[in-house]
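Colleague: Each chain, letter by letter, is given below.
Protein chains: 2
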Amino acid sequence: MESKRIGKQTIKLQNPPCISAFASVGGKMEADGPLAKCFDYLSEDSYFGAKSWESAESAMLKKCFDIAVGKAGISAGVLDYVLTGDLLNQCVGSEFAVKDSGVPLFGLYGACSTMAESLSLAAMIIDGGFADKVCAMTSSHFCSAERQFRLPLSYGGQRSPTAQWTATAAGALILSNEEKGPYVTHITTGKIVDAGVCDSANMGSAMAPAALETILTHLTETGRDPMYYDMIVTGDLGVVGHEILVELAFQNGYDLSPVCYDCGMLIYDREKQDVHAGGSGCGCSASVLAGHLLPKLINGEIKSILFAATGALMSPTTSQQGESILGICHAVSIEAEKC
Amino acid sequence: MESKRIGKQTIKLQNPPCISAFASVGGKMEADGPLAKCFDYLSEDSYFGAKSWESAESAMLKKCFDIAVGKAGISAGVLDYVLTGDLLNQCVGSEFAVKDSGVPLFGLYGACSTMAESLSLAAMIIDGGFADKVCAMTSSHFCSAERQFRLPLSYGGQRSPTAQWTATAAGALILSNEEKGPYVTHITTGKIVDAGVCDSANMGSAMAPAALETILTHLTETGRDPMYYDMIVTGDLGVVGHEILVELAFQNGYDLSPVCYDCGMLIYDREKQDVHAGGSGCGCSASVLAGHLLPKLINGEIKSILFAATGALMSPTTSQQGESILGICHAVSIEAEKC
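Protein chains in written order, with the numbering used here: chain G, 1 to 339; chain V, 340 to 678.
Just so you know, the hints here were simulated from the structure itself, not pulled from any lab data. One or more hints might be untrue.
Said to hold, decoys possible - Derived Cβ-Cβ restraints for the label pairs, each shown as a range:
id : chain 1 : residue 1 : chain 2 : residue 2 : range
1  : V       : 375       : G       : 45        : 27 to 33 angstroms
2  : G       : 198       : V       : 535       : 55 to 61 angstroms
3  : G       : 338       : V       : 586       : 51 to 57 angstroms
4  : G       : 49        : V       : 638       : 56 to 62 angstroms
5  : V       : 660       : G       : 160       : 27 to 33 angstroms
6  : V       : 380       : G       : 150       : 34 to 40 angstroms
7  : V       : 489       : G       : 321       : 17 to 23 angstroms
8  : V       : 414       : G       : 14        : 25 to 31 angstroms
9  : V       : 637       : G       : 253       : 47 to 53 angstroms
10 : V       : 590       : G       : 45        : 39 to 45 angstroms
11 : G       : 321       : V       : 634       : 35 to 41 angstroms
12 : G       : 255       : V       : 345       : 49 to 55 angstroms
13 : V       : 563       : G       : 160       : 53 to 59 angstroms
14 : V       : 492       : G       : 316       : 15 to 21 angstroms
Stated by the list, open to error - According to the in silico footprint, chain G covers these stretches of chain V (three or more CB under 8 angstroms from chain G):
id : region
15 : 428–435
16 : 441–447
17 : 463–469
18 : 524–533
Claimed, not checked - DSSO-like mimics (lysine-lysine), calculated; alpha carbons at most 30 angstroms apart, straight line:
id : chain 1 : residue 1 : chain 2 : residue 2
19 : V       : 611       : V       : 347
20 : V       : 351       : G       : 338
21 : V       : 343       : V       : 611
22 : G       : 180       : V       : 347
23 : G       : 4         : V       : 351
24 : V       : 343       : G       : 4
25 : V       : 390       : G       : 4
26 : V       : 343       : G       : 12
27 : G       : 4         : V       : 367
28 : V       : 343       : G       : 8
29 : V       : 410       : G       : 4
30 : V       : 347       : G       : 71
31 : V       : 410       : G       : 8
32 : G       : 12        : V       : 347
33 : V       : 351       : G       : 8
34 : V       : 343       : G       : 338
35 : V       : 351       : G       : 180
36 : G       : 180       : V       : 343
37 : G       : 12        : V       : 519
Note that the Cβ used here is the ideal one computed from N, Cα and C, for glycine as well.
Working from the sequences, and respecting the hints, build out all of it.
Modeller: As structure tokens, this is what we get:
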């Protein structure tokens, strides 16, 4: 078989899979943000009808999964696989969300890069001829993340200016081998970049060098100019990490500024909402992709995006042990037409 | 393209990838067990030269990765992807193990089913034409797992008779598209089975129904009899879960007993070692596969195995919240010859 590999980290899909349906769900903070009208469902109840923050996250992701499946006009039982993961210890948010679906599960952990990771593997599974329909999805919840990674909410700790706000949001995509856009055309898989940043209240700085590495590698290996894309969209660098990325790219001879956006900056209004450096979490990039970016591709407003979700690989334990926060970024090229 | 799907959960690989090299590493308890001579490296130092149990796990997995790469006669830079995950919160064991490798990473979370999950996806990536060489691996460490999931070691808590001993072990496999056995021929991906078991000291009971579901589905969808396989090997059911599996299979009309083994029962001598129901952990099935099972396929002692790694999807938080322990099992058919 002809290799689909066009570079050390990049593959070109032979029969680009279609993103045939997608859904996004958010909470109260997201309902107050500039993308409110992009969500398929917004809950005023941060518990999503559940009894704990962890089960709230599962309920939210299940809601998102159900909406995506409904929009695809299928039943969950038609799906060949679901690929999902989240930030909670042992990925319980995802597991309890899909436990009754009856769909074969590949569990992932890519921190906040999970939407791009799940999308990458789902696209490869379909292009490889192993499946007809696959769901790729992820979520995050401010309340479950805050108490697990930082402090109990009731403590009311002051947040650092560089800190980000974990989105209470989920995104779910249904991929298929249908002949209609948008298509997943290229995948550039990230390797770990250790920038030596140890401040877990400054994830943007820890992830920006990984975003740089993956985006520049993608452009080099595809032979594309940044301006090929209408939008190059990182996951959750926030304003601090975004500025570092643009500056580092400039130092490397690339002007990303005309096309570079960050889901963490798009999802909230930093002037009006107290989110400090911006949004973060798996659900941030997932919901912005499903709610804001893919509709732009569908309605013809834009033709191509490079979705580059960023992840900070660490645990409270490794941070307490003085380890640095490892960055990773997976990039997926999504285009209205096959190329 | 012709679909490789032969059933709802099973695919047949078109060009079965080869497992071209593999390595296993273990600790002190494993060195005292019946498979001691199967390990490529055994450490008397449970810290593996590191300063914390968590970094010890990373050091152990890195050692295993380095040995596997060395046995494959390649440098790590030749690998197209590494697929790995572990039991630690946010999978930090794996992330810090591969952080300096420079290999594109797909992080996974499948609890103790991770070896079969990583093997499944690695085989699909190669058969799909996306890569030439992929590493699939995982690890677990008794000391990091014990304090994270149960109690601090220094507490000296009494263990339940149904409890299992998390193996301090790692296994790493290098898959390639070379024309030599053993080959990955079929993959049956598990869905979550919720048996309603809430006792986290009785994981075998929680996982056995998932193992049953996946193994019986595999046999049905491939049209194979249990006796087709020289060995059907579950990951870490332990003696409690193993007996439940064999009994449930019998009730469903399948006599698995002549060919059914469990890595958790193979790795330790329950008469001489104080491991209660047997071994567990991602590293248990991974090291038994790499150290004990694959050599049997290479030396012609056996011709085919069904490797069915089992996972318990839960976190201490979900258990404290009264949720049940979800079971999953992924099965991979590994054969000396292509079929």
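Colleague: Could you grab the alpha-carbon distance between residue 4 of chain G and residue 351 of chain V and see if it respects the 30 angstroms cut-off?
Modeller: holds, 20 angstroms
Colleague: Are residue 590 of chain V and residue 45 of chain G spaced within 39 to 45 angstroms by their CB atoms?
Modeller: holds, 44 angstroms
Colleague: What's the verdict on residue 351 of chain V and residue 338 of chain G, does the C-alpha distance respect the 30 angstroms limit or exceed it?
Modeller: holds, 28 angstroms
Colleague: Need the status of pair residue 343 of chain V, residue 4 of chain G: alpha-carbon distance at most 30 angstroms?
Modeller: It holds: about 18 angstroms lies between the C-alpha atoms, which stays within 30 angstroms.
Colleague: Do at least three Cβ atoms from the region 428–435 of chain V come closer than 8 angstroms to Cβ atoms of chain G?
Modeller: With 6 residues closer than 8 angstroms to chain G, the region 428–435 of chain V meets the three-residue bar; holds.
Colleague: May I ask you to test the hint 15 to 21 angstroms on the CB atoms belonging to residue 492 of chain V and residue 316 of chain G?
Modeller: Given about 19 angstroms between the Cβ atoms, the range holds.
Colleague: Range hint 51 to 57 angstroms: satisfied by the CB atoms of residue 338 of chain G and residue 586 of chain V?
Modeller: Taking Cβ atoms as reference, residue 338 of chain G and residue 586 of chain V lie about 53 angstroms apart, which means the hint holds.
Colleague: Kindly confirm whether 34 to 40 angstroms is satisfied by the beta carbon distance between residue 380 of chain V and residue 150 of chain G.
Modeller: holds, 38 angstroms
Colleague: Measuring from beta carbon to beta carbon, are residue 637 of chain V and residue 253 of chain G in 47 to 53 angstroms?
Modeller: holds, 50 angstroms
Colleague: Take a quick look at whether residue 611 of chain V and residue 347 of chain V sit within 30 angstroms of each other, Cα to Cα.
Modeller: This hinted pair is violated, its Cα atoms lying about 43 angstroms apart.
Colleague: Assuming the hint says 53 to 59 angstroms, is it satisfied by the Cβ distance from residue 563 of chain V to residue 160 of chain G or not?
Modeller: holds, 58 angstroms
Colleague: For the pair supplied as a hint, residue 180 of chain G and residue 347 of chain V, confirm whether the alpha-carbon distance does not exceed 30 angstroms.
Modeller: holds, 25 angstroms
The structure does not agree with the numbered hints 1, 2, 19, 21, 25 and 27 stated previously, though it agrees with the rest.
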